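One-letter residues, chain by chain:
There are 2 protein chains.
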Amino acid sequence: MPRFLFLGVDGGGTNCRARIRDDAGALLGEGTGGPANVLLDSRLVMSSILTASRAAAAQAGLAEADLGRAYAGLGVAGAGIKSAVARLLAEPHPFRSVAVETDAHAAWLGAHGGADGAILILGTGSCGLAVVGGRQSYVSGWGAQVSDEASGLMIGREALRRTLWAYDGRAETTPLADAILSRFGGSAEEIVAFAANARPADFGRLVPLVLEHAASRDPLALALVSEATADAARMITRLLDAGAPSVCLLGGLAGVLEAWLPPPLRERLTSPKGDAMDGAILLARQAQAAPAPRPASAAVA
Amino acid sequence: MPRFLFLGVDGGGTNCRARIRDDAGALLGEGTGGPANVLLDSRLVMSSILTASRAAAAQAGLAEADLGRAYAGLGVAGAGIKSAVARLLAEPHPFRSVAVETDAHAAWLGAHGGADGAILILGTGSCGLAVVGGRQSYVSGWGAQVSDEASGLMIGREALRRTLWAYDGRAETTPLADAILSRFGGSAEEIVAFAANARPADFGRLVPLVLEHAASRDPLALALVSEATADAARMITRLLDAGAPSVCLLGGLAGVLEAWLPPPLRERLTSPKGDAMDGAILLARQAQAAPAPRPASAAVA
Chain A
1 MPRFLFLGVD GGGTNCRARI RDDAGALLGE GTGGPANVLL DSRLVMSSIL
51 TASRAAAAQA GLAEADLGRA YAGLGVAGAG IKSAVARLLA EPHPFRSVAV
101 ETDAHAAWLG AHGGADGAIL ILGTGSCGLA VVGGRQSYVS GWGAQVSDEA
151 SGLMIGREAL RRTLWAYDGR AETTPLADAI LSRFGGSAEE IVAFAANARP
201 ADFGRLVPLV LEHAASRDPL ALALVSEATA DAARMITRLL DAGAPSVCLL
251 GGLAGVLEAW LPPPLRERLT SPKGDAMDGA ILLARQAQAA PAPRPASAAV
301 A
Chain B
1 MPRFLFLGVD GGGTNCRARI RDDAGALLGE GTGGPANVLL DSRLVMSSIL
51 TASRAAAAQA GLAEADLGRA YAGLGVAGAG IKSAVARLLA EPHPFRSVAV
101 ETDAHAAWLG AHGGADGAIL ILGTGSCGLA VVGGRQSYVS GWGAQVSDEA
151 SGLMIGREAL RRTLWAYDGR AETTPLADAI LSRFGGSAEE IVAFAANARP
201 ADFGRLVPLV LEHAASRDPL ALALVSEATA DAARMITRLL DAGAPSVCLL
251 GGLAGVLEAW LPPPLRERLT SPKGDAMDGA ILLARQAQAA PAPRPASAAV
301 A
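Sequences listed follow chains A and B, in order. Just so we're aligned, residue 1 is where the first sequence starts under the numbering used here, counting upward by one. Just so we're aligned, residue 1 is where the second sequence starts under the numbering used here, counting upward by one.
If we strip away everything but chain A, and leave its shape as in the complex, we get:
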């Protein structure tokens, strides 16, 4: 039985995942829980984290009490907002210690093992982080209204906008615009009603249709993917200009957009060493190894 355990949690607005390793680094178990964006209700977020952690402990053959031997690292969306992190850390938990950082920070730790470098997450939303000599530079990730370019949210929402342009005659229609309109029963009113209530992931579900049509050179689809690529290029350029020797593209759109990027950017991309859960475990190890006694929340950015 190892003396210490290390627990890493990767948490976003939809769900979170936890992984437990022993002090030698061996994988013991993994589990899944509910939403863990820190901007949500702190009780809900801690409950999601505990659900994932207990599932990981159960898979590892550990008892509930064993979580008291775990140094926990939480890489959770929204952790840039310090007041929200403080609320989360005020919730009761069984862990020996808790260190919190953003999901992007955990992704960077996992991808580069703590060495200088950058990550760019292109998923439902988008967020990038370069860490160079301990200095952090974030890019994007400011939310659905005024940010998150090159994401599924953005591509899907812009696809609907341009479909309406075709619908009301401001633009030529294309097979993609026709396909989107028919997905809404040919009704612009249905699109409007959908868009008024859609969450980011709902817009993102249009991305496969866009990509399918881009493959057959649909002009609207080509424009949408090109614009997303230009947005991604702007973010990658910023991360490299901050001094990052390389950038790891992560998230569901990473594989898609990589091939569209200009070669001078593409050649600076690398594959991640590990994932965000292992990054969160590294965060927990760093907190444990910290020389001075620190409060549980000391690792908050």
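Be careful, since some hints might not be right.
[Unchecked claim] To give a feel for the contact side, a few chain A residues facing chain B, derived at Cβ under 10 Å:
{"#": "1", "residue": "I81"}
{"#": "2", "residue": "S137"}
{"#": "3", "residue": "Q145"}
{"#": "4", "residue": "E158"}
{"#": "5", "residue": "D168"}
{"#": "6", "residue": "A198"}
{"#": "7", "residue": "M235"}
{"#": "8", "residue": "A242"}
{"#": "9", "residue": "W260"}
[Said to hold, decoys possible] Only part of the chain B face toward chain A is listed, based on derived beta-carbon distances under 8 Å:
{"#": "10", "residue": "W142"}
{"#": "11", "residue": "G143"}
{"#": "12", "residue": "V146"}
{"#": "13", "residue": "R161"}
{"#": "14", "residue": "A188"}
{"#": "15", "residue": "E189"}
{"#": "16", "residue": "A242"}
{"#": "17", "residue": "S246"}
Derived from the structure by calculation, the hints contain no laboratory data. Computed from a predicted structure; not experimentally measured. Backbone N, C-alpha and C define an ideal beta-carbon position, used for all residues, glycine too.
Based on the hints, put chain B in the right spot on chain A.
Coordinates of chain B only, in the frame set by chain A:
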């Protein structure tokens, strides 16, 4: 005492205005009420309309009972959604008859006196309508998420987006970006919190700052106004292509964007004959003059 009265209401999401004329066309009174977008609660909308109508009646020296002699025309936002119009018409009202159309339709009736032509409203939102030989062609006006280009909403929201680009290093900063950031205490988090809860009019309140900086050739401000102008040009082109002999620009941004438009579009702009309240009065007159007996809702588009 005139036998009949004609009441015209111009209603949007923020407030509504009513005007009463006698059967000879003489202006008797005007009044203001609350929100009248038909997509809001029907009781609230009718209450807003009655408040404005009673205020107009009071200014005209008329009694409440005189509204029973009024043919009412309502030009109200959201009236393209027929189910919402039906709910509004199910509310009790004192009028002799009620005809409902969109605010854009009333604006067109007022601007062109019912003749072929187009209007393009560039305000907090945007919406255009060409009517040619009785055939209506709407453009934009599909709501904040996927539409309403060239509006105060769009310019303000994009100004915040680009300010965040400057803040996180994706773009060079400019005096406008600096001014916007300092309006939010230098905090990107404040911008994010504002954007998450802002209504269209809240974004629109940034427009004066953008225009002020455009006047001194700020690169970001110039880009924002140029993009809005390109969006407006696309809409005007559509309205002209639908056969409209001319387009009246209306709304708070009309005067601003007109000067930026390419000459071939600018020379097709005309001044409106009358406003949307007079358009709504014309709607009421048309409904009264209709040869066959019609239900009160017959004028709904």
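Inset, instruction - Go through the numbered hints given earlier and state which of them the structure violates, listing their numbers in rising order. - result: 9 and 17
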